[in-house]
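Below, each chain spelled out in residue letters.
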Amino acid sequence: MTKVTMTVNGISQSAETEGRTLLSAYLREGLGLTGTHIGCDTSQCGACVVHVDGVAVKSCSIFAQDVAGSRVTTIEGMANEDGSLGVVQQAFQDHHGLQCGFCTAGMVMTTSALLKGNPRPTEQEVRHGLEGNICRCTGYHNIVKAVLAASGQDAVAMAAE
Amino acid sequence: MIEFEFVKPSTVADAVKALAADGAQALSGGQTLTPTMKQRLATPSVLVSLNGIAEMKGVTVGGGVVTIGGATTHATVAKEASAYPALARLAGGIGDPAVRNRGTIGGSIANNDPAACYPAGALASGAVIVTNKRSITADDFFKGMFATVLDEGEIITSVSFPVPLKAAYVKFDQPASRFALTGVFVAQYAGGVRVAVTGASNNGVFRWKEAEAALSANFSASAIAGLKVSPKDMISDLHGTAEYRAHLVKVLTGRAVSAA
Ligand SMILES: Cc1cc2nc3c(=O)[nH]c(=O)nc-3n(C[C@H](O)[C@H](O)[C@H](O)COP(=O)(O)OP(=O)(O)OC[C@H]3O[C@@H](n4cnc5c(N)ncnc54)[C@H](O)[C@@H]3O)c2cc1C
Ligand code: FES
Ligand code: FES
Chain A
1 MTKVTMTVNG
11 ISQSAETEGR
21 TLLSAYLREG
31 LGLTGTHIGC
41 DTSQCGACVV
51 HVDGVAVKSC
61 SIFAQDVAGS
71 RVTTIEGMAN
81 EDGSLGVVQQ
91 AFQDHHGLQC
101 GFCTAGMVMT
111 TSALLKGNPR
121 PTEQEVRHGL
131 EGNICRCTGY
141 HNIVKAVLAA
151 SGQDAVAMAA
161 E
Chain B
162 MIEFEFVKPS
172 TVADAVKALA
182 ADGAQALSGG
192 QTLTPTMKQR
202 LATPSVLVSL
212 NGIAEMKGVT
222 VGGGVVTIGG
232 ATTHATVAKE
242 ASAYPALARL
252 AGGIGDPAVR
262 NRGTIGGSIA
272 NNDPAACYPA
282 GALASGAVIV
292 TNKRSITADD
302 FFKGMFATVL
312 DEGEIITSVS
322 FPVPLKAAYV
332 KFDQPASRFA
342 LTGVFVAQYA
352 GGVRVAVTGA
362 SNNGVFRWKE
372 AEAALSANFS
382 ASAIAGLKVS
392 PKDMISDLHG
402 TAEYRAHLVK
412 VLTGRAVSAA
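Residue numbers (our numbering), protein chains in the order written: chain A, 1 to 161; chain B, 162 to 421.
The shape of chain A in the complex, shown without the other chains (with noise of 0.2 Å):
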């Protein structure tokens, strides 16, 4: 066993891993940090992205090893400081993103990397930047109209229905 070390959502964190360890069962299993899911765990569907050193991954294909000494970011520090949603949670819920949630927090994670590259997508950007993110719930539409309305512009007039 070797012992990792890593800042997850700002805090210095420690766990033993095995060499085949991935960082998505680094962080559920070794940190209790559980808001990241496993879907297909096979590097298709997303739900599983989290943001390492400011970049959206698929957690499920990277050894924990491998980003030793990494600042990560997942779903647990998407909150304000005050626990409020953050903006992009709470245009999830707005704009009702999210039916059974499972593909959830994949979605905002890669929707925040997204907004920090490019703050005003137009739909087409949006589609195409949430390629790697499967939902077999909401058919998609409102969680295009979440993103959108994430960036601060009028979802209900630029989404398609």
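Keep in mind the hints are simulated off the structure, nothing from the lab.
The C-beta atom is built at its ideal place from N, Cα and C for all residues, glycine as well.
Check the hints yourself; a few may be wrong.
Said to hold, decoys possible - Here are the simulated EDC-like pairs of lysine to aspartate or glutamate, each with C-alpha atoms no more than 20 Å apart in a straight line:
(1) Lys169(B) / Asp334(B)
(2) Lys199(B) / Glu164(B)
(3) Lys169(B) / Glu125(A)
(4) Lys199(B) / Glu29(A)
(5) Lys169(B) / Asp53(A)
(6) Lys240(B) / Asp41(A)
(7) Lys240(B) / Glu16(A)
(8) Lys178(B) / Asp300(B)
(9) Lys116(A) / Glu131(A)
(10) Lys3(A) / Glu166(B)
(11) Lys294(B) / Asp175(B)
(12) Lys169(B) / Glu16(A)
(13) Lys240(B) / Glu216(B)
(14) Lys370(B) / Glu315(B)
(15) Lys240(B) / Glu131(A)
(16) Lys411(B) / Asp334(B)
(17) Lys3(A) / Asp334(B)
(18) Lys218(B) / Glu16(A)
(19) Lys116(A) / Glu315(B)
(20) Lys327(B) / Glu241(B)
(21) Lys294(B) / Glu166(B)
(22) Lys199(B) / Glu18(A)
(23) Lys199(B) / Glu131(A)
Claimed, not checked - Computed Cβ-Cβ distance ranges for the label pairs, DEER-style:
(24) Ala79(A) / Gly353(B): 54 to 64 Å
(25) Ser391(B) / Thr42(A): 43 to 53 Å
(26) Ser14(A) / Ser391(B): 53 to 63 Å
(27) Gly54(A) / Glu216(B): 16 to 26 Å
(28) Thr7(A) / Ile163(B): 41 to 51 Å
(29) Ala374(B) / Thr42(A): 35 to 45 Å
(30) Gly101(A) / Ser206(B): 21 to 31 Å
(31) Gln99(A) / Ala244(B): 27 to 37 Å
Said to hold, decoys possible - Which residues of chain B face chain A? A few of them, derived with a C-beta cut under 8 Å, are:
(32) Met162
(33) Glu166
(34) Lys199
(35) Thr204
(36) Asp257
(37) Ala259
(38) Val260
(39) Val291
(40) Asn293
Once you have looked at the hints, place chain B with the ligands on chain A.
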């Protein structure tokens, strides 16, 4: 997944040493290898991460050539290879943002998936694949589906692309995987035109020589109107028949010429 020893060297020399161990295998982005290991289709006893090797990262431009470090991610190429816009766009169209943030050019070219994008870009550009021990032209490098001339433990340290006069890559997405159902890269150089096709053939990426001759004489979509692509040896699966892929090769080549 079967347990292994994880090592992360910081130089190519140390990585080569680590890869000499019995059962050692290189890891880059892990976008292909990690799922493969979960299925136990790969069972390395030592996994050698190339992600800590600074000399294998980044994009440099000089003398009409764009050189990309083997461990450079697709996202970095999309952002930094503006000296070769068609190549930057190819990188920006791979998979999805999270795949592009991790997946690397070295991993893609070493893996030589029959539907991958970079092999088409490398072959159409007459790129040179540089390893820890030799330089290999793209024409000699790819050896059919998932096969290359790489030896055991050999690492792609960089890939050099001569910048063409005009070029474009057009991919018909397989909508579930976002790999190329078929993709065509066309590049026009002073010495002639090169056309490379991915996603179509059972033998992996290939050059469409008839189109190259026609386009070298006349670089317009109409120049290939009279050509036929044989469905023999084309991939046939639930996403498309061999005939459909053969048809796509010609349509996409025309589109790539118009877009270049
Ligand atoms: C959802 C999804 C969609 C995708 N869509 C596309 C697409 O549209 N187009 C496309 O082209 N690809 C696509 N890919 C594949 C992606 O580009 C991978 O990044 C690529 O195939 C492998 O690169 P990697 O860096 O992740 O390599 P790894 O998975 O780490 O390694 C792959 C193989 O290459 C070997 N290797 C790695 N680096 C080197 C090196 N420097 N030298 C020698 N050998 C090396 C490894 O030992 C392994 O055998 C997709 C992948 C996913 C998961
Ligand atoms: S669980 Fe990681 S991509 Fe699906
Ligand atoms: S809300 Fe159920 S999978 Fe997206």
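Hint check:
1. Lys169(B) / Asp334(B): violated, 35 Å
2. Lys199(B) / Glu164(B): holds, 11 Å
3. Lys169(B) / Glu125(A): Given that 20 Å is the threshold and the Cα spacing comes to 36 Å, the pair is violated.
4. Lys199(B) / Glu29(A): holds, 18 Å
5. Lys169(B) / Asp53(A): Holds, at about 18 Å.
6. Lys240(B) / Asp41(A): violated, 28 Å
7. Lys240(B) / Glu16(A): Violated: Lys240(B) and Glu16(A) sit about 36 Å apart, past 20 Å.
8. Lys178(B) / Asp300(B): Violated. Lys178(B) to Asp300(B) sits at ~28 Å, over the 20 Å cutoff.
9. Lys116(A) / Glu131(A): holds, 17 Å
10. Lys3(A) / Glu166(B): holds, 14 Å
11. Lys294(B) / Asp175(B): Distance of about 14 Å is within 20 Å: holds.
12. Lys169(B) / Glu16(A): holds, 17 Å
13. Lys240(B) / Glu216(B): holds, 19 Å
14. Lys370(B) / Glu315(B): Outside the cut-off at roughly 30 Å; violated.
15. Lys240(B) / Glu131(A): holds, 19 Å
16. Lys411(B) / Asp334(B): holds, 16 Å
17. Lys3(A) / Asp334(B): With a Cα-Cα distance of about 42 Å, the restraint between Lys3(A) and Asp334(B) is violated, given a limit of 20 Å.
18. Lys218(B) / Glu16(A): violated, 29 Å
19. Lys116(A) / Glu315(B): Given pair Lys116(A), Glu315(B) is violated - Cα atoms ~38 Å apart, limit 20 Å.
20. Lys327(B) / Glu241(B): holds, 18 Å
21. Lys294(B) / Glu166(B): With a Cα-Cα distance of about 25 Å, the restraint between Lys294(B) and Glu166(B) is violated, given a limit of 20 Å.
22. Lys199(B) / Glu18(A): With a Cα-Cα distance of about 15 Å, the restraint between Lys199(B) and Glu18(A) holds, given a limit of 20 Å.
23. Lys199(B) / Glu131(A): violated, 23 Å
24. Ala79(A) / Gly353(B): 54 to 64 Å: holds, 59 Å
25. Ser391(B) / Thr42(A): 43 to 53 Å: violated, 34 Å
26. Ser14(A) / Ser391(B): 53 to 63 Å: holds, 59 Å
27. Gly54(A) / Glu216(B): 16 to 26 Å: holds, 23 Å
28. Thr7(A) / Ile163(B): 41 to 51 Å: With a Cβ separation near 30 Å, Thr7(A) and Ile163(B) fall outside 41 to 51 Å, so the hint is violated.
29. Ala374(B) / Thr42(A): 35 to 45 Å: Holds: the Cβ-Cβ distance is about 42 Å, inside 35 to 45 Å.
30. Gly101(A) / Ser206(B): 21 to 31 Å: Roughly 40 Å apart at Cβ, these two residues miss the hinted range, so it is violated.
31. Gln99(A) / Ala244(B): 27 to 37 Å: violated, 46 Å
32. Met162: Since the shortest Cβ distance to chain A is 4 Å, the answer is holds.
33. Glu166: It holds, given that the least Cβ distance between Glu166(B) and chain A is near 6 Å, below 8 Å.
34. Lys199: Holds - the Cβ of Lys199(B) comes within 8 Å of chain A, reaching about 7 Å at its closest.
35. Thr204: violated, 11 Å
36. Asp257: OK, holds: Asp257(B) within 8 Å of chain A, min 3 Å.
37. Ala259: holds, 5 Å
38. Val260: holds, 6 Å
39. Val291: Hint violated; Val291(B) Cβ to chain A Cβ min 24 Å, cut 8 Å.
40. Asn293: Violated, because the Cβ-Cβ distance from Asn293(B) to chain A comes to roughly 20 Å (cut-off 8 Å).
Checked against the numbered hints given earlier, this structure breaks hints 1, 3, 6, 7, 8, 14, 17, 18, 19, 21, 23, 25, 28, 30, 31, 35, 39, 40; the rest are met.
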